[in-house]
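Asker: Below, each chain spelled out in residue letters.
Protein chains: 2
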Amino acid sequence: MDFANMLSRAKIASYALMTATAAQKDAALLAMADALIERTPAILEANETDLKHARDSGMKRAMIDRLLLDEGRVAGMAEGLRKLAALPDPVGGADEMIKRPNGLLIAKRRVPLGVVGIIYEARPNVTADAAGICLKSGNVSVLRGGKEAIASNTAIVEALTAAALEAGLPAGTINLVEDTSRDSAFAMMKASGAIDVLIPRGGPGLIKSVVENANVPVIETGTGNCHVFVETDADLDRALRIVINAKCSRPSVCNAAEKLLVSRPIAERFLGLAAEPLRAKGVEIRGDKAACALIPWATPATTEDWYTEWADYILGVKVVDSFDEAVSHINAHGTRHSEAIVTENYTLAQRFLNEIDAACVYVNASTRFTDGEEFGFGAEIGISTQKLHARGPMGLREMTSVKYCIYGDGQIR
Amino acid sequence: MDFANMLSRAKIASYALMTATAAQKDAALLAMADALIERTPAILEANETDLKHARDSGMKRAMIDRLLLDEGRVAGMAEGLRKLAALPDPVGGADEMIKRPNGLLIAKRRVPLGVVGIIYEARPNVTADAAGICLKSGNVSVLRGGKEAIASNTAIVEALTAAALEAGLPAGTINLVEDTSRDSAFAMMKASGAIDVLIPRGGPGLIKSVVENANVPVIETGTGNCHVFVETDADLDRALRIVINAKCSRPSVCNAAEKLLVSRPIAERFLGLAAEPLRAKGVEIRGDKAACALIPWATPATTEDWYTEWADYILGVKVVDSFDEAVSHINAHGTRHSEAIVTENYTLAQRFLNEIDAACVYVNASTRFTDGEEFGFGAEIGISTQKLHARGPMGLREMTSVKYCIYGDGQIR
Numbered sequence: 376m377d378f379a380n381m382l383s384r385a386k387i388a389s390y391a392l393m394t395a396t397a398a399q400k401d402a403a404l405l406a407m408a409d410a411l412i413e414r415t416p417a418i419l420e421a422n423e424t425d426l427k428h429a430r431d432s433g434m435k436r437a438m439i440d441r442l443l444l445d446e447g448r449v450a451g452m453a454e455g456l457r458k459l460a461a462l463p464d465p466v467g468g469a470d471e472m473i474k475r476p477n478g479l480l481i482a483k484r485r486v487p488l489g490v491v492g493i494i495y496e497a498r499p500n501v502t503a504d505a506a507g508i509c510l511k512s513g514n515v516s517v518l519r520g521g522k523e524a525i526a527s528n529t530a531i532v533e534a535l536t537a538a539a540l541e542a543g544l545p546a547g548t549i550n551l552v553e554d555t556s557r558d559s560a561f562a563m564m565k566a567s568g569a570i571d572v573l574i575p576r577g578g579p580g581l582i583k584s585v586v587e588n589a590n591v592p593v594i595e596t597g598t599g600n601c602h603v604f605v606e607t608d609a610d611l612d613r614a615l616r617i618v619i620n621a622k623c624s625r626p627s628v629c630n631a632a633e634k635l636l637v638s639r640p641i642a643e644r645f646l647g648l649a650a651e652p653l654r655a656k657g658v659e660i661r662g663d664k665a666a667c668a669l670i671p672w673a674t675p676a677t678t679e680d681w682y683t684e685w686a687d688y689i690l691g692v693k694v695v696d697s698f699d700e701a702v703s704h705i706n707a708h709g710t711r712h713s714e715a716i717v718t719e720n721y722t723l724a725q726r727f728l729n730e731i732d733a734a735c736v737y738v739n740a741s742t743r744f745t746d747g748e749e750f751g752f753g754a755e756i757g758i759s760t761q762k763l764h765a766r767g768p769m770g771l772r773e774m775t776s777v778k779y780c781i782y783g784d785g786q787i788r
Numbered sequence: 376m377d378f379a380n381m382l383s384r385a386k387i388a389s390y391a392l393m394t395a396t397a398a399q400k401d402a403a404l405l406a407m408a409d410a411l412i413e414r415t416p417a418i419l420e421a422n423e424t425d426l427k428h429a430r431d432s433g434m435k436r437a438m439i440d441r442l443l444l445d446e447g448r449v450a451g452m453a454e455g456l457r458k459l460a461a462l463p464d465p466v467g468g469a470d471e472m473i474k475r476p477n478g479l480l481i482a483k484r485r486v487p488l489g490v491v492g493i494i495y496e497a498r499p500n501v502t503a504d505a506a507g508i509c510l511k512s513g514n515v516s517v518l519r520g521g522k523e524a525i526a527s528n529t530a531i532v533e534a535l536t537a538a539a540l541e542a543g544l545p546a547g548t549i550n551l552v553e554d555t556s557r558d559s560a561f562a563m564m565k566a567s568g569a570i571d572v573l574i575p576r577g578g579p580g581l582i583k584s585v586v587e588n589a590n591v592p593v594i595e596t597g598t599g600n601c602h603v604f605v606e607t608d609a610d611l612d613r614a615l616r617i618v619i620n621a622k623c624s625r626p627s628v629c630n631a632a633e634k635l636l637v638s639r640p641i642a643e644r645f646l647g648l649a650a651e652p653l654r655a656k657g658v659e660i661r662g663d664k665a666a667c668a669l670i671p672w673a674t675p676a677t678t679e680d681w682y683t684e685w686a687d688y689i690l691g692v693k694v695v696d697s698f699d700e701a702v703s704h705i706n707a708h709g710t711r712h713s714e715a716i717v718t719e720n721y722t723l724a725q726r727f728l729n730e731i732d733a734a735c736v737y738v739n740a741s742t743r744f745t746d747g748e749e750f751g752f753g754a755e756i757g758i759s760t761q762k763l764h765a766r767g768p769m770g771l772r773e774m775t776s777v778k779y780c781i782y783g784d785g786q787i788r
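The listed protein sequences derive, respectively, from chains D and B. The first sequence begins at 376 in the working numbering and counts up one residue at a time. The second sequence begins at 376 in the working numbering and counts up one residue at a time.
Since the hints were derived computationally from the structure, they do not count as laboratory data. Predicted model, so just to flag it, every value in this text is computed and none were measured. Among the clues, some could well be false.
Said to hold, decoys possible - The calculated EDC-like cross-link candidates involving lysine to aspartate or glutamate, where the alpha carbons are at most 16 Å apart (straight line), are:
(1) Lys458(B) x Asp409(B)
(2) Lys427(D) x Asp440(D)
(3) Lys522(B) x Glu423(B)
(4) Lys474(B) x Asp445(D)
(5) Lys483(D) x Glu749(B)
(6) Lys656(B) x Asp687(B)
(7) Lys474(D) x Glu423(B)
(8) Lys474(B) x Asp746(D)
(9) Lys522(D) x Asp558(D)
(10) Lys565(B) x Glu587(D)
(11) Lys664(B) x Asp680(B)
(12) Lys474(D) x Asp687(B)
(13) Lys483(B) x Asp746(D)
(14) Lys427(D) x Asp401(D)
(15) Lys565(D) x Glu643(B)
(16) Lys427(B) x Asp445(B)
(17) Lys664(D) x Asp696(D)
(18) Lys458(B) x Glu748(B)
(19) Lys483(D) x Asp746(B)
(20) Lys483(B) x Glu496(B)
(21) Lys565(B) x Glu533(B)
(22) Lys664(D) x Asp680(D)
(23) Lys458(B) x Glu755(B)
(24) Lys522(B) x Asp431(B)
(25) Lys522(B) x Glu541(B)
(26) Lys386(B) x Asp445(D)
(27) Lys458(D) x Glu748(D)
(28) Lys386(D) x Glu471(B)
(29) Lys474(B) x Asp440(D)
(30) Lys458(B) x Asp401(B)
(31) Lys565(D) x Glu587(D)
(32) Lys583(B) x Glu496(B)
(33) Lys483(B) x Glu749(D)
(34) Lys474(D) x Glu748(B)
Claimed, not checked - One side of the interface only, derived from the structure: several residues of chain D facing chain B at Cβ under 8 Å:
(35) Thr394
(36) Thr396
(37) Met472
(38) Arg485
(39) Gly489
(40) Val586
Ideal Cβ placement from N, Cα and C applies to all residues, glycine included.
Can you make the complete structure from the sequences, with help from the hints?
Answerer: This is the structure:
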């Protein structure tokens, strides 16, 4: 099916989905989970085709690992859909209903966004994940994954759409863009009116390209140059546990710490405590002058380093002279994702919460908690680092819009 | 000051404004109102300069009326600022605060958007209005009005900034873009990172240009091709009052009705009732075949007409065979602004609320109520017709974002 036809069918399906009941949507999600399990052999066979191409073209091991499916991973995708079915329906109810002096009753009802485009890379599990979250929130999905995963994605979407159709949802509820050239991504970015919202999921290059080119509203997700600031009044043992956790528990993710700021009066003592445990975990340290003087094996950080999300076992370390310097440095170099202070000082803790401009600001906890599951949302489509519509972990509620429903009895103005 | 310097000063000011108290902001708003009154002579003199250019260049009367200021209009702008000062502060509090099983306390705090760009046309009252709404919600404003009003806007902003500075707010709280060429509007659209949100206020051409070109997140406002659907079970007297009000009370605004749909069984009776009162108000009717047969003085509507917002004394009239036809027509031709049904039928009223995809959906009331004041918001920056972030009338709350503030006691993951 060509792209224009797909989008016009998607828009029609979005009207049907707008009024689908939670029972219909949940039944479809459960059927989709069953279909993934039933069709596991076909999905793994398709994945084998993708893997062969990837190996032949010399793809890196880490990338191949993301592309790889096995029975366990397919079962994980199915389990994700079942968990979605068990969550409450985010649409249909009203956040509030007010009565105006003239008698008008105005309800602010939660409704689906409509047609949601997702542009992502070579992780086939995103396909089932994104299709499920969109469906649960009453949205039609238009999925455009990377070319490396096209066989896997096709097999997964075949399973999902067959199950959704059988469960009574309209054709066009879940759509896979078969053309994986740059043209198709560009066409999605320019589909104002046909696609209601576009969510890029992937590396900074992809996200930048979507933000630069889209005329469709975009929710920007994900880059995280996160800081932990160990302030003079920190409990240093607690600070050490938080720094090690934020840096080392999973360095490849966007909520991992990339930078450590330490107040000068405690710099020698804290870096003395932290350097060896970090080195033992395989962390490379890039420091400013003072940090390098305190950690002999550290290398000097470049200006560029302070802006960089390495997503790796690398930590930038800077010694700061004041609370204000730490805040200015974070607001100037951070990506507005997750920032943490460790301190026992009440006033400075409050000031950090007030003055840092980021989606998630922590006192005495690891930045690693910025996550839909950890926040109790039950599902997550990404972490928004913009300020419009959604900020921080985006759950089902963030996949909805509102509609004012106004009940009158003849009011005129 | 050049544009880049203005934006970097604006960003710095936005951090100060982020933590300003309501008392500080309200004092500044009151001082700004006083400054407008005090400087009325200078503002009117500047306005005279704009008016002279406008007349010399042959500007239309309606446009000149929008550009014109007098003592009463300046006093109205000041009064608007005083009303803002009296409203509750939309930022600082938290919508909710949850406690997670691990003890983390997560507050979803309301915060300003940051730096808000407003691109508008030749109405100088928007300058004070937008500056005031931005300030009350803790946002820095970057105002770029039309070249026709540049002298008036400069005088107004001089009054506002002097008062804001004296009230202790930072320089760069309110900014006027002095260059009124297309280049400056384009530079604002491309200022991703420096401007957090862009709101175009003006005609469809301006809005389309901003949506097409911006890489900054945009809130699309305002076009309204609104329908009133008079269904078979309508109370026809009530329907008549609503149609006349929706069409004639102020045809130039976006919440005025542009189209009337009538169910076939009552078409002859209702159009018999409505035609003469509409004609008496000076309304031109463009009908489909059935409507033209019933109203001899109506002219046939073109295909294009059904999509058009005339913002004038023109009404498109169509006779529909079913409820479904009316819903499909509205969803296909409307601009997702405001749509109304007049009916006594409970089930069809509910279905209309469910099935129409628009910011505001009415049962038995005029579309003219889509307005921040009428909704009780106290202030309005525009009507959003998009689904992301804000939909319908945008008040102070819609000028805010959220920030998760997380209170830990050593949690790691």
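Asker: Given the hint that Lys565(B) pairs with Glu587(D), test it: the Cα-Cα distance must not exceed 16 Å.
Answerer: OK: Lys565(B) and Glu587(D) at ~8 Å, within 16 Å.
Asker: Does the CB of Arg485(D) sit less than 8 Å away from some CB of chain B?
Answerer: violated, 11 Å
Asker: Holds or violated: are the alpha carbons of Lys386(D) and Glu471(B) at most 16 Å from each other?
Answerer: Outside the cut-off at roughly 34 Å; violated.
Asker: Verify the proposed pairing of Lys458(B) with Glu755(B), using a straight-line Cα cut of 16 Å.
Answerer: holds, 12 Å
Asker: Is it true that the CA of Lys664(D) sits at most 16 Å from the CA of Asp696(D)?
Answerer: holds, 13 Å
Asker: If you draw a straight line from the CA of Lys483(D) to the CA of Glu749(B), is it 16 Å or shorter?
Answerer: Measuring from Cα to Cα gives roughly 15 Å; hence the hint holds.
Asker: Could you check if Thr394(D) really has its C-beta closer than 8 Å to a C-beta on chain B?
Answerer: This hint holds: Thr394(D) lies near chain B, its Cβ roughly 5 Å from the closest one there, short of 8 Å.
Asker: If you draw a straight line from the CA of Lys664(B) to the CA of Asp680(B), is it 16 Å or shorter?
Answerer: Between Lys664(B) and Asp680(B) the Cα gap is close to 14 Å, so the pair holds against 16 Å.
Asker: Between Lys522(B) and Asp431(B), is the straight-line Cα distance small enough, at 16 Å or below?
Answerer: holds, 14 Å
Asker: CA of Lys458(B) to CA of Asp401(B), is that 16 Å or under?
Answerer: holds, 10 Å
Asker: Is the hinted pair Lys474(D) and Glu748(B) satisfied, with a Cα-Cα distance of at most 16 Å?
Answerer: holds, 14 Å
Asker: Next item in the hint list is Val586(D). Is there a CB on chain B closer than 8 Å to its CB?
Answerer: holds, 6 Å
The structure does not agree with the numbered hints 4, 7, 12, 14, 15, 20, 21, 25, 26, 28, 29, 36, 37 and 38 stated previously, though it agrees with the rest.
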